[in-house]
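Engineer: Sequences listed follow chains A and B, in order.
Letter 342 of the first sequence, counting from 1, is numbered 342 in full-length UniProt numbering, and no numbers are missing.
Letter 135 of the second sequence, counting from 1, is numbered 135 in full-length UniProt numbering, and no numbers are missing.
Quick caveat, the hints were computed from the structure, so don't treat them as lab data.
A quick note: this is a predicted structure, and the numbers were derived from the prediction, not measured.
Please note that a few of the clues may not be correct.
[To be verified] FRET-style restraints, in silico, Cβ to Cβ:
#, chain 1, residue 1, chain 2, residue 2, range
1, B, Ser-140, A, Leu-27, 19 to 29 angstroms
2, B, Gly-540, A, Met-302, 53 to 63 angstroms
3, B, Ser-140, A, Val-34, 24 to 34 angstroms
[Unchecked claim] No farther apart than 20 angstroms at their CA atoms in a straight line, the calculated lysine to any residue pairs in the SDA-like style are these:
#, chain 1, residue 1, chain 2, residue 2
4, B, Lys-155, A, Thr-216
5, B, Lys-58, A, Met-217
6, B, Lys-58, A, Leu-43
Beta carbons: idealized from backbone N, C-alpha and C, even for Gly.
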Amino acid sequence: MNERKNIPRDGWRRIRGLTRKETLQVLRDPSNLVVAVVLPLILLFLFGYGVTFDPRRFDIGLVVEQPTPESGSFSAALANSPFFGIETARDRRAFEADLIAGDIKGIVVLPADFADRAYRGNTAPIQVIVDGGDPNTAELIRTYVQLLWANWLQQESISRSLPLLPALVNVEPRIWFNPEVSSRNYLVPGSVAIILMLIGALLTALVVAREWERGTMEALLATPIGIVELLIGKLAPYFALGMISMLISVATAVFLFGVPFRGSVILLGLVSALFMLAALGQGLFISTLARNQLVAAQVSIMSAFLPAFYFSNFVFEIDSMPFALQLVSYAVPARYYVSSLQTLFLAGDVPSVILTDIAGLIAIAGGFILLTALATRTRLD
Amino acid sequence: MSEELVRIDAVSKRFGKNGPIALTRLSASFFGGHVTGLAGPDGAGKTTLLRLIAGLLKADEGALDVCGHDTLRAQGDIKRDVAYMPQRFGLYEDLTVIENLHLYADLRSVTGGARTDTIERLLRFTALEPFTARLAGALSGGMKQKLGLACALIKKPRLLLLDEPSVGVDPISRRELWRMVYELVDQGIGVIWSTAYLDEAERCKTVLLLSEGKLIYQGAPETLTQSVAERTFLVADITGDKRAVLTRALDAPQVLDGVIQGDAVRLVLKEGEKAPNADVLQAGPAANVISTPPRFEDAFMARVGGGAKGASPFAGAPKHGADNDEIVVEADALTKRFGDFTAADRISFAVRRGEIFGLIGPNGAGKSTTFKMLCGLLKPSAGAARVAGLDLAKAPGKARARLGYMAQKFSLYGDLSVRQNLNFFAGVYGLSNAARKGAIARMIETFDLESYLNTNAGSLPLGYKQRLALACAVMHDPDVLFLDEPTSGVDPRTRREFWGHINAMVSRGVTIMVTTHFLDEAEYCDRMALIYRGRAITSGAPDALKRRAASSKNQNPTLEDAFIALVEDFDRKEAA
Numbered sequence: 001m002n003e004r005k006n007i008p009r010d011g012w013r014r015i016r017g018l019t020r021k022e023t024l025q026v027l028r029d030p031s032n033l034v035v036a037v038v039l040p041l042i043l044l045f046l047f048g049y050g051v052t053f054d055p056r057r058f059d060i061g062l063v064v065e066q067p068t069p070e071s072g073s074f075s076a077a078l079a080n081s082p083f084f085g086i087e088t089a090r091d092r093r094a095f096e097a098d099l100i101a102g103d104i105k106g107i108v109v110l111p112a113d114f115a116d117r118a119y120r121g122n123t124a125p126i127q128v129i130v131d132g133g134d135p136n137t138a139e140l141i142r143t144y145v146q147l148l149w150a151n152w153l154q155q156e157s158i159s160r161s162l163p164l165l166p167a168l169v170n171v172e173p174r175i176w177f178n179p180e181v182s183s184r185n186y187l188v189p190g191s192v193a194i195i196l197m198l199i200g201a202l203l204t205a206l207v208v209a210r211e212w213e214r215g216t217m218e219a220l221l222a223t224p225i226g227i228v229e230l231l232i233g234k235l236a237p238y239f240a241l242g243m244i245s246m247l248i249s250v251a252t253a254v255f256l257f258g259v260p261f262r263g264s265v266i267l268l269g270l271v272s273a274l275f276m277l278a279a280l281g282q283g284l285f286i287s288t289l290a291r292n293q294l295v296a297a298q299v300s301i302m303s304a305f306l307p308a309f310y311f312s313n314f315v316f317e318i319d320s321m322p323f324a325l326q327l328v329s330y331a332v333p334a335r336y337y338v339s340s341l342q343t344l345f346l347a348g349d350v351p352s353v354i355l356t357d358i359a360g361l362i363a364i365a366g367g368f369i370l371l372t373a374l375a376t377r378t379r380l381d
Numbered sequence: 001m002s003e004e005l006v007r008i009d010a011v012s013k014r015f016g017k018n019g020p021i022a023l024t025r026l027s028a029s030f031f032g033g034h035v036t037g038l039a040g041p042d043g044a045g046k047t048t049l050l051r052l053i054a055g056l057l058k059a060d061e062g063a064l065d066v067c068g069h070d071t072l073r074a075q076g077d078i079k080r081d082v083a084y085m086p087q088r089f090g091l092y093e094d095l096t097v098i099e100n101l102h103l104y105a106d107l108r109s110v111t112g113g114a115r116t117d118t119i120e121r122l123l124r125f126t127a128l129e130p131f132t133a134r135l136a137g138a139l140s141g142g143m144k145q146k147l148g149l150a151c152a153l154i155k156k157p158r159l160l161l162l163d164e165p166s167v168g169v170d171p172i173s174r175r176e177l178w179r180m181v182y183e184l185v186d187q188g189i190g191v192i193w194s195t196a197y198l199d200e201a202e203r204c205k206t207v208l209l210l211s212e213g214k215l216i217y218q219g220a221p222e223t224l225t226q227s228v229a230e231r232t233f234l235v236a237d238i239t240g241d242k243r244a245v246l247t248r249a250l251d252a253p254q255v256l257d258g259v260i261q262g263d264a265v266r267l268v269l270k271e272g273e274k275a276p277n278a279d280v281l282q283a284g285p286a287a288n289v290i291s292t293p294p295r296f297e298d299a300f301m302a303r304v305g306g307g308a309k310g311a312s313p314f315a316g317a318p319k320h321g322a323d324n325d326e327i328v329v330e331a332d333a334l335t336k337r338f339g340d341f342t343a344a345d346r347i348s349f350a351v352r353r354g355e356i357f358g359l360i361g362p363n364g365a366g367k368s369t370t371f372k373m374l375c376g377l378l379k380p381s382a383g384a385a386r387v388a389g390l391d392l393a394k395a396p397g398k399a400r401a402r403l404g405y406m407a408q409k410f411s412l413y414g415d416l417s418v419r420q421n422l423n424f425f426a427g428v429y430g431l432s433n434a435a436r437k438g439a440i441a442r443m444i445e446t447f448d449l450e451s452y453l454n455t456n457a458g459s460l461p462l463g464y465k466q467r468l469a470l471a472c473a474v475m476h477d478p479d480v481l482f483l484d485e486p487t488s489g490v491d492p493r494t495r496r497e498f499w500g501h502i503n504a505m506v507s508r509g510v511t512i513m514v515t516t517h518f519l520d521e522a523e524y525c526d527r528m529a530l531i532y533r534g535r536a537i538t539s540g541a542p543d544a545l546k547r548r549a550a551s552s553k554n555q556n557p558t559l560e561d562a563f564i565a566l567v568e569d570f571d572r573k574e575a576a
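Based on the sequences and whatever the hints tell you, model everything.
Structural biologist: In C-alpha cells, the structure reads:
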C-alpha cells in the first residue's frame with residue numbers, strides 16, 4: 001500500500017535522475033556545446049555577413065560616341081548611382097573583351113544622336129549590352145539603367161522647363177516591413193530555425209542512438225522506468241539547450257546585426273518552444289527506428305535538416321515551387337517557424353499568421369511525439 | 001530446496017518471421033540461493049534467454065514466470081525484483097563512478113539514508129572507494145565490471161542476471177567477481193551467470209548447457225563431469241611431435257575426443273573402451289598413458305558426440321625443409337609510446353619455425369600493440385620487429401607479404417559469397433591471374449568449401465566461417481600466421497576443428513602467433529610470453545609456467561592459477 005502511494009514521487013525522481021545524467025553528459029561533451037553555441041554563431045555570421053541577396057555594385061563600361069551636354073549629364077547620373085562603377089570610352093569595341101572576360105558586367109552605349117533622340121520619347125536612345133550567361137545580373141542592370149533613364153528624363157524636363165514627358169508608368173515602390181530591403185533582416189531570423197532543427201532533431205537522434213549502440217539502453221530498460229518518464233527525461237535537457245541557443249541567436253540578431261524585433265517576446269518563446277518540441281519529437285522518432293548513430297545522423301539530416309533548409313521560405317520561396325513540393329512543405333515544421341520568426345522580427349504580432357503557425361506546429365509536434373511513444377517499447381524487440 | 005525463482009515453460013523465440021531461431025521450446029527452472037551457470041557458445045541463445053527473463057523480450061511461445069510474476073503481464077514487478085547486468089555493463093562512460101551509482105539509485109528509487117548506506121557499502125564491496133570521481137570510461141575492464149555489478153545491486157534484487165560478466169576481464173578481476181557473487185548468494189539472492197567458458201560453468205552449483213537454442217543439459221556440473229569418469233587419459237612424456245600424436249589418437253577408433261594440454265595430449269574415450277597404447281600412438285619410448293580426472297569440457301564433448309576426427313584437410317607436405325631452428329619472428333626490445341603512456345616496454349622474444357607462440361595477458365596490457373608492431377601496422381617507438389629476417393620498419397611491404405593475419409571475429413565480407421571473398425583476398429595479396437586461380441582452387445579443395453561457394457559468408461555455419469577466414473588469411477602461403485583471439489566464444493567442438501587446421505599448418509612448417517586473454521586457448525601454444533602492464537613479465541611453455549606457480553597449497557595449478565600467481569608476484573616486486 002505504502003509502495004503504491006510513492007509511485008508518482010518515484011516517477012519524478014527517475015525523470016530528475018535521467019535529466020541530471022543527460023545534462024552532465026551534455027556539459028561534458030564539448031561537441032554538444034559546439035552544436036548549441038558555436039554553430040549558431042557561425043551560421044548567424046555566415047548569413048549576417050557572408051550571404052546576401054541585396055543589389056551589389058556592378059562595374060560597367062560606358063560608351064559615349066559623341067560627347068554633348070546631354071550625354072555628359074546622363075553619364076554623371078550613372079556615375080553618381082551607388083549601383084554602378086563606370087569606365088568611359090568612345091568606342092564599344094574597347095569593352096568587348098572585358099565583357100567576355102567577365103571583368104565588367106555590362107556596356108551602356110550612348111549613340112552619337114543621343115541628344116536628338118532623348119526628348120522624342122518613343123524610341124530608346126541608349127543601348128544596354130549585358131551578359132546573358134548571368135541572367136540575374138543582366139536583368140538587374142537592365143532594370144537599373146531603365147529606372148535611371150526615366151529619372152534622368154524627368155530631372156532634365158524640369159530643369160529645362162520643358163513640358164513633362166508623359167511617363168508611361170510611374171512606379172513608386174514602397175516596401176513594407178523591411179524598408180531597407182536588407183536580406184540580412186530575413187536571413188538571420190530564418191537561420192534561427194535551422195539552428196534549432198539541428199539541435200532538436202540531429203542531437204536528439206544521436207544521443208538516443210548512442211544509448212542503443214553502447215548497450216546502456218538495455219540496462220536502462222531493465223530498471224522500473226516507464227516510457228513517458230524516459231521520453232521526458234531525454235527531452236528536457238535538449239529542450240533547455242535548444243532554448244538557450246535560440247536566445248543566443250535572437251540576441252545576436254538584434255544587438256549585433258541590428259535586425260529589428262517588433263513582436264512580443266512571449267509569443268517568440270511560445271512558438272520557439274513548440275517548434276523545439278516538433279524537432280525533438282522528430283529526432284526521437286528517428287532514433288527509435290535507427291539504433292545506430294551513423295544511420296540516425298544520415299536520416300535526421302535527410303529528413304529534418306535539409307527540408308528545414310529547402311521548404312521553409314528561408315532561402316527558397318515556397319510560392320514559386322511546383323504544387324507537389326508546396327504540399328510537402330506543409331509537413332515541415334520549419335515552414336511555420338520561419339514564417340512566425342520573420343513576422344515577429346519584421347512585422348510584429350500578426351495574430352492571423354502566428355495562430356496558423358502555432359496550429360501547424362502543434363499538429364506536427366503532437367504527431368511525432370505520438371509516433372515516438374507508439375514506436376518506443378520497453379522491450380528490445 | 002531453495003525457492004524456485006524462474007520457471008520457463010516451452011519457450012520459443014525467433015527474430016523476425018523468417019529470422020534465425022534463438023530458442024526452441026526451452027523448459028527450465030532457476031532457483032534462489034545459488035549460482036546457476038548458463039553456458040554455451042556464442043549464438044547458443046544465452047543472451048536471449050536472459051533478456052526474456054528480465055522482461056526485455058517477448059517470447060513467441062510458452063510462458064515465463066519470474067519471481068512469481070508473468071513476464072508479459074507484470075513487466076513492472078519483474079523490473080523491481082530482478083537486476084540485470086548486460087554484456088557491456090550498462091555504464092555511462094562519460095559519468096563518474098559516483099554519478100553512475102546515483103543515477104541507478106534514482107531509477108530504482110533508493111533514497112535518503114538507505115541510499116547513502118547502500119552506495120557506501122557497494123563501494124567498499126567493489127573496492128571502488130578511491131575512484132568515485134573517476135569517469136567510468138577511464139576505468140579498467142575489471143573495475144568497469146565491478147561498477148556495473150554495483151549499479152545492478154543498488155537495490156537488493158531477488159534475482160541477479162549477469163550476461164557474460166567475465167568477457168574482457170583479466171583472471172584476477174574474474175576471481176574477485178566470483179568472490180563477490182558468492183557473498184550475494186549467501187544473502188539469499190539467486191544469480192544466473194552466463195558464460196561461453198566451460199571452466200567457469202563448472203564452478204556453478206547447477207548449470208544449463210545451451211547449444212543452438214536447445215537445452216542439452218541441466219543439473220549439477222559434477223554429475224555431467226562424472227558421466228565420463230574413468231574415460232579420460234593423458235598421454236604424457238611424449239618424445240617428438242605432440243601434434244602428430246594427437247592426430248593419430250583421434251584416428252584411433254576408441255577415442256572420442258582429444259586436445260593438446262601443455263606438453264601432453266588429453267584423450268576422452270568412448271564408453272567401455274580401453275585407452276590406446278602409447279606405442280600405437282608412436283609417442284616415443286618414455287611416453288605413457290595415464291588416467292586423469294575428468295573435466296567438465298570432456299563431458300560436454302562427449303555429450304555433443306566428440307570432435308572432428310583425424311587429420312585436417314590442410315595437412316600436407318612440409319612447406320619448408322626441416323630446419324626448425326630458424327628464427328622466423330623476432331621482437332627486439334620493442335617499445336611503443338603513446339604520449340606519456342608506454343603501451344609496450346622493451347618486449348623481446350624469438351619464435352622458431354613451426355612453433356605456436358602466444359602473447360597472453362589481460363585486455364589493455366599491450367598484447368595488441370605488440371602484435372600490431374609485429375604485423376607492421378604500428379611503427380615502434382624503439383626496438384625492432386623482424387619477420388622472416390625482414391625488418392618491418394625497413395621493408396614493411398616485403399615482410400607483410402610473408403605473413404597472414406586473421407582478425408578476431410573473422411573479418412570477412414558477410415554479404416559477399418564464399419567465392420567472392422576468396423577472389424577479393426586473392427586480389428588484395430596481389431596474386432597474378434594464374435596464381436590467383438591456383439590459390440583459390442587449392443583453398444576450396446583443402447577447406448572443402450565447394451558446396452558453399454555461392455553462399456554469403458554471413459550465413460555460413462560457424463565452422464565454415466572459420467575455415468573461410470583461415471583460407472583468406474593463408475591464400476598467399478605465408479610463413480607466419482597471426483591469430484587474434486581466434487576461438488574465444490567459440491564452442492569447444494568448433495575450437496578443436498580450428499586448432500586441427502592450425503596444427504596441420506604447423507606440421508607443414510608454418511609459424512603461428514596467437515594473442516589471447518582466454519587461457520584455454522593458451523594451452524595450444526608451445527611457448528608464450530605473459531604481457532602485463534606493457535612488459536613481457538615472463539615466458540615459457542605452458543607446463544613450465546604452471547610448474548613455476550605450483551605451491552604446497554596448489555600442486556597442480558591450472559594455467560589461470562599460474563597466470564594469477566605470476567602477475568601477483570610481479571605486482572609485489574614492483575611495489576617493493
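Engineer: Is the gap between the beta carbons of B:Ser-140 and A:Val-34 within 24 to 34 angstroms?
Structural biologist: With Cβ atoms ~30 angstroms apart, the hint holds.
Engineer: Does the alpha-carbon distance linking B:Lys-155 and A:Thr-216 stay inside the 20 angstroms limit?
Structural biologist: Status holds; Cα separation ~18 angstroms.
Engineer: Does B:Lys-58 pair with A:Leu-43 here, judged by a C-alpha cut-off of 20 angstroms?
Structural biologist: 47 angstroms, violated
Engineer: Given the hinted pair B:Lys-58 and A:Met-217, is their alpha-carbon gap at most 20 angstroms?
Structural biologist: Holds - the C-alpha atoms of A:Met-217 and B:Lys-58 are around 17 angstroms apart, at most 20 angstroms.
Engineer: Determine whether the Cβ-Cβ distance between B:Ser-140 and A:Leu-27 falls within the hinted range of 19 to 29 angstroms.
Structural biologist: 25 angstroms, holds
Engineer: Against the range 53 to 63 angstroms, how does the distance between the Cβ atoms of B:Gly-540 and A:Met-302 compare: consistent or not?
Structural biologist: 58 angstroms, holds
When held up to the earlier numbered hints, the structure conflicts with hint 6 and nothing else.
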